[in-house]
Amino acid sequence: MHGRLAAKDSVYDVNDQLAGTSGRMSRLIYSAVFTVLSPLFVLRLLWRSVKEPSYRFQWRQRFALGLPARTRPGEGLIWIHAVSLGELLAVAPLIERLLSEHPQKALLVTNTTPTGAAQTRALFGDRVEQCWFPFDIPQVVTRFIKHWRPELVVMVETEIWPNVLAGAQASNIPAVLLNARLSARSARGYARFIGLTRQTLERFSAIACQSQADQRRFKKLGAEPASLHIVGSMKFDIDLANRREQLNDIKSQLGDAVKQQSIWAAASTHPGEEVLVLNALEQLKSLGICSLLLLAPRHPNRSPEIIRLLEERSFSYQMRSDGEALRSDTDVLLIDTLGELSAFLGLASVAFIGGSLVPRGGHNPIEAAAWGCTVLTGPHVTNFASIVRDMERNDAITTIGSEHALCDQLQRTWLESARVDSSDSAKQFVDSRRGATRRQLDILEALLG
Numbered sequence: 001m002h003g004r005l006a007a008k009d010s011v012y013d014v015n016d017q018l019a020g021t022s023g024r025m026s027r028l029i030y031s032a033v034f035t036v037l038s039p040l041f042v043l044r045l046l047w048r049s050v051k052e053p054s055y056r057f058q059w060r061q062r063f064a065l066g067l068p069a070r071t072r073p074g075e076g077l078i079w080i081h082a083v084s085l086g087e088l089l090a091v092a093p094l095i096e097r098l099l100s101e102h103p104q105k106a107l108l109v110t111n112t113t114p115t116g117a118a119q120t121r122a123l124f125g126d127r128v129e130q131c132w133f134p135f136d137i138p139q140v141v142t143r144f145i146k147h148w149r150p151e152l153v154v155m156v157e158t159e160i161w162p163n164v165l166a167g168a169q170a171s172n173i174p175a176v177l178l179n180a181r182l183s184a185r186s187a188r189g190y191a192r193f194i195g196l197t198r199q200t201l202e203r204f205s206a207i208a209c210q211s212q213a214d215q216r217r218f219k220k221l222g223a224e225p226a227s228l229h230i231v232g233s234m235k236f237d238i239d240l241a242n243r244r245e246q247l248n249d250i251k252s253q254l255g256d257a258v259k260q261q262s263i264w265a266a267a268s269t270h271p272g273e274e275v276l277v278l279n280a281l282e283q284l285k286s287l288g289i290c291s292l293l294l295l296a297p298r299h300p301n302r303s304p305e306i307i308r309l310l311e312e313r314s315f316s317y318q319m320r321s322d323g324e325a326l327r328s329d330t331d332v333l334l335i336d337t338l339g340e341l342s343a344f345l346g347l348a349s350v351a352f353i354g355g356s357l358v359p360r361g362g363h364n365p366i367e368a369a370a371w372g373c374t375v376l377t378g379p380h381v382t383n384f385a386s387i388v389r390d391m392e393r394n395d396a397i398t399t400i401g402s403e404h405a406l407c408d409q410l411q412r413t414w415l416e417s418a419r420v421d422s423s424d425s426a427k428q429f430v431d432s433r434r435g436a437t438r439r440q441l442d443i444l445e446a447l448l449g
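Per our numbering, the sequence shown starts with residue 1, numbered consecutively.
The hints are simulated quantities; they were obtained by calculation from the structure and are not laboratory data. Where is the CB? At the ideal position from N, CA and C, for every residue including glycine. A hint or two may mislead.
Unchecked claim - Cβ pair distances, simulated, as ranges:
1) G125 <-> N301: 45 to 55 Å
2) L37 <-> N248: 45 to 55 Å
3) T71 <-> R412: 17 to 27 Å
4) D322 <-> L46: 45 to 55 Å
5) V36 <-> P379: 20 to 30 Å
6) N301 <-> R412: 33 to 43 Å
7) G449 <-> Q253: 23 to 33 Å
8) G435 <-> S252: 30 to 40 Å
9) K259 <-> R72: 41 to 51 Å
Said to hold, decoys possible - Derived pair list, reagent style BS3-like, types lysine-lysine, alpha-carbon separation capped at 27 Å:
10) K251 <-> K427
11) K105 <-> K146
12) K219 <-> K251
13) K105 <-> K259
14) K259 <-> K220
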């Protein structure tokens, strides 16, 4: 392995020369600005801790201080960075494969958000090491790498950090970007700093792109053509077996009332979106259509403000965290827990994907499709544009523009023939695109030797 890494050293040296003065100067400026602003980052963490207390405990680890000791210090370690919940769920099948197929390797999973960290602990417990991702400051990155001593660095989706990648290269550690995606808007942003972007992308040994459009954008920004691979998205490799067990437990806890309901889900909603979803629910009630809404905010710590909204609108609601049986008159079951949304999607016949009726870029529609839900989304889907377009071409998703359209579509899809057609198309769409996890695992194994 060390011989192969030494051979890569010469490649990195050449890449540094080709990156040119512009890239080197840009990284110096970037590092200086990041360092000067770091006290503000700490203040921001403290400010965010008002709503989410766990942010308060991040700052030492974000500076690579007070890091936990390695529990398996004698073994090779793979560092996987999954910034938040979406990235963690995307890479979870790969982590499971690594744990089962490479038990001799230790895994470190880093996160930036409390939801990502909580889900990491929920899914993997002590099977992986876990800590917060370091600030992208040269001295901090060096301290972090010296502590953990990874043999491979794995970034997920859009995590492109100049100093982390430079630090990995300086320590002869290959780095890969898995499940890589890059929207047209993000590509334009990176192009404004083309010297730094090119130099950074050239440091990846491999970039596993979700689509041809992603590959084209990475190449245009300066990624080495030989490092680019089109492998699809790991988000299609959803294993519902464990979630079905969880779903059965949920059904038992909720009781018989859940069997008598027309159920729809609003998944990963954002501020301003719950009002629109509740407007649609109110319209359904005015039409005499009784339904149960599974309302799952993207950030469960927003539950108090959603409860105020439900009470102002006189909706009957229950909170999942109470663990009570479902009442027959409940309008809304508020999913205020972590790690259960996927299983709850298995209860729903229709799923609206949040972050899309407000300009937040949307969220992953694949899991709902895998369950065979009729999948609805708003127009703001920049985070998943290529997947949504592909789903639209295959009649696996419907785009709606308002709460009125949401209500109309719910009425339509509860007509049995329309629902069966759309839900079958959604499930078939997912099943036909599986396999990206194996392809990306092959890339990692080639680098591990």
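Comparing the hints with the structure gives:
no.: 1; hint: G125 <-> N301: 45 to 55 Å; verdict: violated (22 Å)
no.: 2; hint: L37 <-> N248: 45 to 55 Å; verdict: holds (49 Å)
no.: 3; hint: T71 <-> R412: 17 to 27 Å; verdict: violated (53 Å)
no.: 4; hint: D322 <-> L46: 45 to 55 Å; verdict: violated (31 Å)
no.: 5; hint: V36 <-> P379: 20 to 30 Å; verdict: violated (39 Å)
no.: 6; hint: N301 <-> R412: 33 to 43 Å; verdict: holds (34 Å)
no.: 7; hint: G449 <-> Q253: 23 to 33 Å; verdict: violated (48 Å)
no.: 8; hint: G435 <-> S252: 30 to 40 Å; verdict: holds (34 Å)
no.: 9; hint: K259 <-> R72: 41 to 51 Å; verdict: holds (46 Å)
no.: 10; hint: K251 <-> K427; verdict: holds (22 Å)
no.: 11; hint: K105 <-> K146; verdict: holds (18 Å)
no.: 12; hint: K219 <-> K251; verdict: violated (48 Å)
no.: 13; hint: K105 <-> K259; verdict: violated (45 Å)
no.: 14; hint: K259 <-> K220; verdict: violated (53 Å)
The structure fails hints 1, 3, 4, 5, 7, 12, 13 and 14 (numbered hints given earlier, in ascending order).
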